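S.K.: These are the residues of each chain, in order.
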Amino acid sequence: MLHRTEGIVLKNTPYGEADLLVTFLTKDFGLINTFAKSPRKVKSRFGSSLEPLTYSRISFWAKEHTSLPRLTQSDIIKPFQELRENFSCFLRLSEIAELTCNFLPEGEANIGVFFLLKKIMEMMQSSCSALNALVYKIKFLELTGYAPRLKGCARCGRSGQGFYVSQGSVICGACLDKLDEVSDKKGVVTLSAGSIRLYETLKAWDVSKTARIKVSENMFSELSGMLDAHIECTLSRPIRTKTFRKETVPFPCSRV
Amino acid sequence: MSQGIVENLIQQLMKLPGIGRKTAQRLAFFILAMPDEDAKSLSEAISNIKQKARFCSQCFNITESEICSICSDESRDRKKICVVEEPGNIFVIEKSGSFKGLYHVLLGALAPIDGITPDKLKIAELLERVKTNGTEEVIIATNPNTKGEMTAQYLKEVLTPFNVNVTRIAYGLPMGSDIEFADEVTLRKAMEGRRQL
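Taken in sequence, the protein lines are chains A and B.
Residue numbers for the first sequence, in our numbering: 51 to 306.
Residue numbers for the second sequence, in our numbering: 8 to 204.
Any given hint could be a false lead.
What the hints assert, rightly or not - Distance condition first, Cα-Cα at most 30 Å in a straight line; then the derived BS3-like pairs of lysine-lysine:
id, chain 1, residue 1, chain 2, residue 2
1, B, Lys-196, A, Lys-87
2, A, Lys-168, A, Lys-296
3, A, Lys-77, A, Lys-91
4, A, Lys-77, B, Lys-196
5, A, Lys-253, A, Lys-296
6, A, Lys-296, B, Lys-129
7, A, Lys-93, B, Lys-196
8, B, Lys-127, B, Lys-87
9, A, Lys-169, A, Lys-264
10, A, Lys-77, A, Lys-128
11, B, Lys-29, A, Lys-113
12, B, Lys-163, A, Lys-292
13, B, Lys-129, A, Lys-91
14, A, Lys-128, B, Lys-196
15, B, Lys-102, B, Lys-129
16, A, Lys-93, A, Lys-128
17, B, Lys-163, A, Lys-91
18, B, Lys-102, A, Lys-87
19, A, Lys-228, A, Lys-259
20, A, Lys-296, B, Lys-138
21, B, Lys-57, B, Lys-107
22, A, Lys-292, A, Lys-77
23, B, Lys-163, B, Lys-87
24, A, Lys-87, B, Lys-127
25, B, Lys-102, B, Lys-22
26, A, Lys-113, B, Lys-22
Derived by calculation from the structure, the hints in this document are not laboratory data.
Note that the structure is predicted; figures quoted are calculated from it, not measured.
With the rest of the complex left out, here is chain A:
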């Protein structure tokens, strides 16, 4: 059956001689992996529409029991080329794409995540700030149901400032004593009251308004460190793009 929808390319993987496996985040079908025939050839009709971060209108053939739909058309709506041309900006968005690919189940529409990604990409065109990437992570985890709990202890609701990565939540002193396993108490991140407030604000505010918030470097690193630890614990593996960023020269992003 032929399907038509809008999608953002999250990643592409070369396959065979000139083919590509393209992962899209679509408006109507969520995350989908598609097979594109010969887009790597010079005169391919796909042109540059299958490059990561391109927002396109796509068509694909999918049979009910076939795991890999075949991409038949891809017309660019917005190329987001500027984001790909800036090294550090592209790295930030690669991390976002990696998270999206790893957390979302295939074939389940999540329109909230789709519009969130589109909005963040639009915002990053004018300001490629690390705060935008942090906002995406917070909102994305909330929309997918993996958000860490910072507002009170997960067991009793009392306040606490120690975030236990293995529990995905803040745990108060009294409840901490009740945890049986030593491994349950490992990986604690201490968060200041300001960082917890900032997290709740970023989570509640509309994405387009978050740019108004001025964040101190300390609070930012506290919050992003906690989120990265939480994500890696949930995924049970390190975020590849983060490792990549550590190993490459930290080029300044010209539009920060």
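Once you've looked at the hints, dock chain B against the given chain A.
M.R.: For chain B alone, coordinates are given in the frame of chain A:
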């Protein structure tokens, strides 16, 4: 029994890219009808390439000796290095006859999402060559896609301290194509890269 031998050859040929069952069948019967010497040469060529092929110690092109024929050719311009992703790219550029300098194969391109970091490519070896050989120009001919662009940007940054001229191959429309069918990004790049006639 004979059916088994033919079927085996068909199955082996089908492992090649772009070869389906029908083409494999046609090739198998063609090989069967070949003179003995030709068939032997073909099988020897396949086994030789697996046994003798290795990377050139300087540029990482495919060669059967320590240094490839391009690196050992004294008539080539040794002050220019063209950086490519794969050894196959050298064949295409050589066929065009447009470049008479040396090459450097990275054996891939940077890909953060796939975990391909600079240490997995032959970037340190390139820097060493530039440092010791008095290179004047490095032409970055990685693929014009996101991974290739990222690699080019990274190379530009790491080559800056060596005071070498870093250039990128041009972007634009392929010859023989129609502007009508070009996508926005390619057209924009072609406009940006226009030149005086």
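S.K.: Please name the hints from earlier in the document that this structure breaks, with their numbers sorted from lowest to highest.
M.R.: 19
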